[in-house]
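**Student:** Here are the chains, one letter per residue:
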Amino acid sequence: MTDVKSEAASQGAGAAAESAPARFLKATELDTRMLGMLGALAVIWIGFHLLSGGLFLTPRNLWNLSVQSASVAIMSTGMVLVIVTRNIDLSVGSLLGFVGMVMGVTQAEFLPDLLGFGHPATWIIALAAGALLGALIGALQGFIIAYMGVPAFIVTLGGLLVWRGAAWWVTSGRTVAPMDATFRLMGGGPDGAIGAFWSWVVGIVACVALVLMLVHGRRQRRKFNFPLRPLWAEGFLATVGCALILGAIAVANSYPWPSGIVRRYFQAQGLPVPEDAFIAHGIAIPVLIAIGVGVIMTFLANRTRFGRYVFAIGGNPEAAELAGINTRWVVMKIFILMGVLATIAAAISTARLNAATNALGTLDELLVIAAAVIGGTSLGGGVGTIAGAMIGAVLMQSLASGMILLGVDTPLQNIVVGAVLVIAVWLDTVYRKRVKK
Amino acid sequence: MAENTPLVEMKNISIAFGGIHAVEDVSIDLHAGEVVALVGHNGAGKSTLIKILSGAYTRDAGTILVNGKEAQISNPRDAKKYGIETIYQTLALADNVDAAANLFLGRELMTTWGTLDDVAMESETRKVMGRLNPRFQRFKEPVSRLSGGQRQSVAIARAIYFDARILIMDEPTAALGPQETAQVSDLVRQLKQEGIGIFLISHDIHDVFDLADRVVVMKNGQVVGTARPGEVTEDDVLGMIILGKCPPGAVPGPGALQMAA
Numbered sequence: 001m002t003d004v005k006s007e008a009a010s011q012g013a014g015a016a017a018e019s020a021p022a023r024f025l026k027a028t029e030l031d032t033r034m035l036g037m038l039g040a041l042a043v044i045w046i047g048f049h050l051l052s053g054g055l056f057l058t059p060r061n062l063w064n065l066s067v068q069s070a071s072v073a074i075m076s077t078g079m080v081l082v083i084v085t086r087n088i089d090l091s092v093g094s095l096l097g098f099v100g101m102v103m104g105v106t107q108a109e110f111l112p113d114l115l116g117f118g119h120p121a122t123w124i125i126a127l128a129a130g131a132l133l134g135a136l137i138g139a140l141q142g143f144i145i146a147y148m149g150v151p152a153f154i155v156t157l158g159g160l161l162v163w164r165g166a167a168w169w170v171t172s173g174r175t176v177a178p179m180d181a182t183f184r185l186m187g188g189g190p191d192g193a194i195g196a197f198w199s200w201v202v203g204i205v206a207c208v209a210l211v212l213m214l215v216h217g218r219r220q221r222r223k224f225n226f227p228l229r230p231l232w233a234e235g236f237l238a239t240v241g242c243a244l245i246l247g248a249i250a251v252a253n254s255y256p257w258p259s260g261i262v263r264r265y266f267q268a269q270g271l272p273v274p275e276d277a278f279i280a281h282g283i284a285i286p287v288l289i290a291i292g293v294g295v296i297m298t299f300l301a302n303r304t305r306f307g308r309y310v311f312a313i314g315g316n317p318e319a320a321e322l323a324g325i326n327t328r329w330v331v332m333k334i335f336i337l338m339g340v341l342a343t344i345a346a347a348i349s350t351a352r353l354n355a356a357t358n359a360l361g362t363l364d365e366l367l368v369i370a371a372a373v374i375g376g377t378s379l380g381g382g383v384g385t386i387a388g389a390m391i392g393a394v395l396m397q398s399l400a401s402g403m404i405l406l407g408v409d410t411p412l413q414n415i416v417v418g419a420v421l422v423i424a425v426w427l428d429t430v431y432r433k434r435v436k437k
Numbered sequence: 001m002a003e004n005t006p007l008v009e010m011k012n013i014s015i016a017f018g019g020i021h022a023v024e025d026v027s028i029d030l031h032a033g034e035v036v037a038l039v040g041h042n043g044a045g046k047s048t049l050i051k052i053l054s055g056a057y058t059r060d061a062g063t064i065l066v067n068g069k070e071a072q073i074s075n076p077r078d079a080k081k082y083g084i085e086t087i088y089q090t091l092a093l094a095d096n097v098d099a100a101a102n103l104f105l106g107r108e109l110m111t112t113w114g115t116l117d118d119v120a121m122e123s124e125t126r127k128v129m130g131r132l133n134p135r136f137q138r139f140k141e142p143v144s145r146l147s148g149g150q151r152q153s154v155a156i157a158r159a160i161y162f163d164a165r166i167l168i169m170d171e172p173t174a175a176l177g178p179q180e181t182a183q184v185s186d187l188v189r190q191l192k193q194e195g196i197g198i199f200l201i202s203h204d205i206h207d208v209f210d211l212a213d214r215v216v217v218m219k220n221g222q223v224v225g226t227a228r229p230g231e232v233t234e235d236d237v238l239g240m241i242i243l244g245k246c247p248p249g250a251v252p253g254p255g256a257l258q259m260a261a
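Order-wise, the sequence lines are chains A and B. The UniProt record's numbering puts the last residue of the first sequence at 437; the count rises by one with no breaks. The UniProt record's numbering puts the last residue of the second sequence at 261; the count rises by one with no breaks.
Mixed in with the good hints there might be a few duds.
As the list claims (entries may be wrong) - Computed cross-link-like contacts, SDA-like style, restricted to lysine to any residue with a CA-CA straight-line distance of at most 20 angstroms:
hint: 1; chain 1: B; residue 1: LYS140; chain 2: A; residue 2: ASN302
hint: 2; chain 1: B; residue 1: LYS81; chain 2: A; residue 2: GLU321
hint: 3; chain 1: B; residue 1: LYS69; chain 2: B; residue 2: GLY33
hint: 4; chain 1: A; residue 1: LYS223; chain 2: B; residue 2: LYS140
hint: 5; chain 1: B; residue 1: LYS80; chain 2: A; residue 2: GLU321
hint: 6; chain 1: B; residue 1: LYS140; chain 2: A; residue 2: GLU29
hint: 7; chain 1: B; residue 1: LYS140; chain 2: A; residue 2: ALA233
hint: 8; chain 1: B; residue 1: LYS80; chain 2: B; residue 2: ALA159
hint: 9; chain 1: A; residue 1: LYS333; chain 2: B; residue 2: GLY106
hint: 10; chain 1: B; residue 1: LYS140; chain 2: A; residue 2: PRO227
hint: 11; chain 1: B; residue 1: LYS140; chain 2: A; residue 2: GLU321
Keep in mind that the hints were calculated from the coordinates and are not lab data.
So that you can see chain A by itself, here it is in the shape it has in the complex (with noise of 0.2 angstroms):
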């Protein structure tokens, strides 16, 4: 009874007036916003499919994106939140460079002197070390920011030069290699990844949660009276969701693992190699990684005290103040989390390369920003989700990988990520207004 009452409720007075797609969004209640983002990426995935010939759109090249984006996406989620409270973070390319340095020195020559080579605590130990520090580095930048007053801007932008000259002077600008055989699996690759059957796993839990999620949502809404979604429409949403899910575990697991490594695996088991084997990558440990950043980071935006406050002072910093939040410690938390997340995607591009370099990050701090905005991050403050600038540093990676693939020369393929950031930002702008209306 309840249940068809507040339905009709919801579509109330002038439904009748609305355009079927605009009934749909209301009833499914989708960001606009969000499902713009999601078909700009599968235009540039079909127009790259296109043009390379129909090299884009295989497991192997989505696998490799994938890859190559969690770095990038797991800094970004920290950087919405920089961003929102009107602060920016420049030094987060140094910032990896320096952690990632010290967690190469502590693995392959710190620990092994202590512990031996080949300890099997080597890696945790080197990754809490790094944490440690990324987050020591991110509460001293947010102190000076939050409680001596000095702009982000300025401070990260001192952070940005400190940080890559404490880099160097780690080890007089060696590289050091290799990293511990554990260590590496963060990196993805072959190894890194948890094959097919763990991805089913995986794919199967999220389809559950995204269910289970919305049965909470509705019953929610039910207890406090609250207008409900129709139900084609939490139908269409579960199922589309889950087709999603196990769309992308489909594509993971139809990536095979090289022939060489295949025939290297049955070797070392001393059984016969077979003549069609195939082992799937399945997800890749680095991706497991961002969806899990991306997950607690977006209950940490959405569901906490600490979120409120964060989307609050952007919104509004005296009102915050006066509302008696802490505002200086909330900054200050920003800051160290965003130094833990450096710290994550240090160790993946570490890993990845099996090497700590000095140059390691460079110029990432730039694609993280450009990522966070594209994903709809306003530099005005107040405004972003952390979803958004995971999408939009794949779609960076995107626009990279396919012009690589494309055979773009190098300074045209900035030329173009630059256009396409300013562009990106212009069509978001004229977006707002026209909500705004």
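For this one, chain A is given, so just place chain B on it according to the hints.
**Tutor:** The following block gives chain B in isolation, referenced to the frame of chain A:
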């Protein structure tokens, strides 16, 4: 208004910004169920005085007593602990979040899991807004999309929802039309009956005479005098505001024009 302990007493409050004495040696008090209006020109120090009470500014000198006991107010959180709620002239709303988020900003309702209970907050918001502004329906939209009157009712809802004992209203009707202004006046009378003490800052002398039990006039950061609307005329009060001249019916303060006897 018997001689019982005042709800709030601000004694000899001073604050200076740079070399400017925005508030100089001001003492005012407020009893339960009383409306005290603060009037004066722009820059007379009304808002500054009030921001000291609400914790937005820290005073240079003076004491604040709540229920006769000295209160330590050095930030807005402290003031709220003493039951002091403020409706600011600027409304102090976070424009990018919805009404419920603003209403509970800094005092969010949490689930047993320690996460934000948005559904409960929206439900409570619907209740309190239903009382203040029954036609209000835009609960899901950021407050930047609301009209001036709707934004004002969100700010008022925030101040009265948490059982305020002392309410500060800084120009509460500045953004409102005549009908909404009348609603606010009704609300002030209702809250007064519930025993809440109200500091009302207003430019509108008619409003002030209509609602206030006492009128405190400020000029150049000092109190010119205190008057009861029944004992002085509106012109007397205007004279206090403009000239700093204290009429016979009012109690003169330190800022009163010194006249040759």
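**Student:** So, for every hint listed, does it hold in this structure?
**Tutor:** How the hints compare with the structure:
no. : hint                : verdict
1   : B:LYS140 - A:ASN302 : 14 angstroms, holds
2   : B:LYS81 - A:GLU321  : 15 angstroms, holds
3   : B:LYS69 - B:GLY33   : 19 angstroms, holds
4   : A:LYS223 - B:LYS140 : 17 angstroms, holds
5   : B:LYS80 - A:GLU321  : 13 angstroms, holds
6   : B:LYS140 - A:GLU29  : 11 angstroms, holds
7   : B:LYS140 - A:ALA233 : 19 angstroms, holds
8   : B:LYS80 - B:ALA159  : 10 angstroms, holds
9   : A:LYS333 - B:GLY106 : 17 angstroms, holds
10  : B:LYS140 - A:PRO227 : 11 angstroms, holds
11  : B:LYS140 - A:GLU321 : 23 angstroms, violated
In the structure shown, a violation is registered for the earlier hint numbered 11 alone.
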